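Chain by chain, the residues:
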Amino acid sequence: MATFVLPFEKPIVDLVDKVRELRALAAKDSRFEPELRRLEEKAGQLAREIFQHLTPIQKVQISRHANRPYTLDYIRRFITDWIELKGDRRFADDGAIVSGVGTFRGRSVVIVGHQKGRGTKENMKRNFGMPQPEGYRKAIRMYEMADRFQLPILTFIDTPGAYPGIGAEERGQSEAIGAALAAMARATVPIIATIIGEGGSGGALALGVANKVLVLEYGCYSVISPEGCAAILWKDGSRADEAATQLKITAPDLVQLGVVDEIVSEPAGGAHQDHDEAASRLENVLWQSLLALEGKSREELVDDRYRRFRALGAFVA
Amino acid sequence: MAWPEKTLPSTDASEKKTIGAGVFRRCDGCGTTLTAGELAANFEVCASCGHHHRLDADGWRRLLLDDGALDPWDDHLSPSDPLQFSDGRPYRERVAGAQKKSRSHEAIETGRAAMNGQAIAYGAFVFSFMGGSMGSVVGEKVTRLFERAAKDRLPVVLLQASGGARMQEGILSLMQMAKSVSALERFRKVHMPFLSVLLNPTTGGVAASFAFLGDVNIAEPGALIGFAGPRVIESTIRQTLPPGFQRPEFLVEHGMVDLIVPRSEMKNRICTLLKHLTHAEATRPARPSRRTAS
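Chain order of the listed sequences is W and D. Just so it is clear: in the first sequence, position 160 is 403 by our numbering, and no numbers are missing. Just so it is clear: in the second sequence, position 287 is 496 by our numbering, and no numbers are missing.
Don't read these hints as lab results, they were simulated from the structure. These numbers were taken from a predicted model, which means no experiment stands behind them. Just so you know, not all the hints are guaranteed correct.
[What the hints assert, rightly or not] Chain W regions said to be covered by chain D (calculated; three or more residues, Cβ under 8 Å):
| hint | stretch |
| --- | --- |
| 1 | 318–325 |
| 2 | 443–450 |
| 3 | 549–560 |
Just so you know, even glycine gets a beta-carbon here, dropped at the ideal spot from N, CA and C.
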């Protein structure tokens, strides 16, 4: 994996590197064991301290971290018999959204998730996780198929937003997103959405009309990127930190506003420090969430979802 | 060459300016000078070139609805400030300013009305209220519009003019897209038509939720309609956009809207569509009562 380090992560990463070196030594010579344990503890503590005081814009940076686990990283870790299904049957296959069927702890499920790439070549293929209309139409195909065969849907949200381009407009980006919202609203199966990284506006919401919405500890979800917001409000994209604070986009904010139901904790230093541990924690919360929804009838599931979103908003009557 | 000396305007000049600003207007399409009275009488359409200037919610009511009459629904809903948002000027102050400027509580009006005698559920965005942006109140009113239309079995005619979601209400604005589309999905079950009219502009979160989900999508001439704003696209792809991009002809060509209808024909076309789409309902023989059936 390419190493990518944010400035405020540097002290943690330096310590983690030392731990790694020491671990190699300790494997040969047990006299290094106490020192290794001391250093491991120190690294964990430092990570916890630094991460406890992250500002909103720093959390945004973590949510976009190049080493962060993406949809396929989670699928690889807790989905078996995975078969990726491609294409919208209308125009193309969109690499920015992956979808398919697989087994989650014995249950067959349908999965739809945004997919970012690592490195230039893969990012070109994935369009940096920014879907075109065909991505959303593929998602609709999956939602409808899940409904037809009564399979639960797990979605993973991680996108800067829907792609703003000429082709996307020609092929109806707006209609594709709107139709995806409608398809999720009417599906008669359990839907669980998890914001695993960046939740960028309508392009994220098209995977987000769920019975239960989870967010990873350092995931974010926003109507507009902090940079875009700052550019509009102050004609100054560099004031993104202020915008990030104003927009209330971090996991605790989202729970407080009722937009998200539960936060999934990340390993010390963020999910990118330990993909296995991050996946294992998410797997457990997903499983509990799925069990809680399994007893509901088809009608209850649709009504449940309706009530959940019906209640969102703040106004004076 | 030196700039002419800056002179204070004389009393005469300022009076003249005030009168001119109220009486004469230049057409944005052809530059012809028109009297404001002429334009207003023609529902803001230029008589010489047909350019459609923005028509406010009040004008649309007079243009489309029988007697210009709307029985308003949920008119009392006002925005709150869930994020305590301030961009230098607090959101609450912006709202107060918008309410004064637009003479409206929020960026949409909804209610029950009639078009050529046909009862409808009607909604029209108020663009002069913060660019017709969709926050919690707009989302709630659109949701209630579909809910009441479903309950009373009314067709829905909704006129959109919106830049998208309202930034100042953050993620709650985004959630209005999911909420309103969910309500539209429920409305579909009563088999009543939803006619979506796309005015200038219809973009962002409003475009990407219910606006394109009409049984019929109608665009008004010259309107800018699309997901991303042209400046965002230009800065992303670093190219100048082709002429006519995101304009009604472009949308018809790409299969996203059914027809482009000028204001002068809007009421007739909507009424004809409503007649066709509710024909089965209107001509269905009265359901036999339980007694006669048994």
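For this session: Quick one: which hint numbers does this structure break? Sort them smallest to largest.
Result: Violated hint (a single one): 1; every other hint is consistent with the structure.
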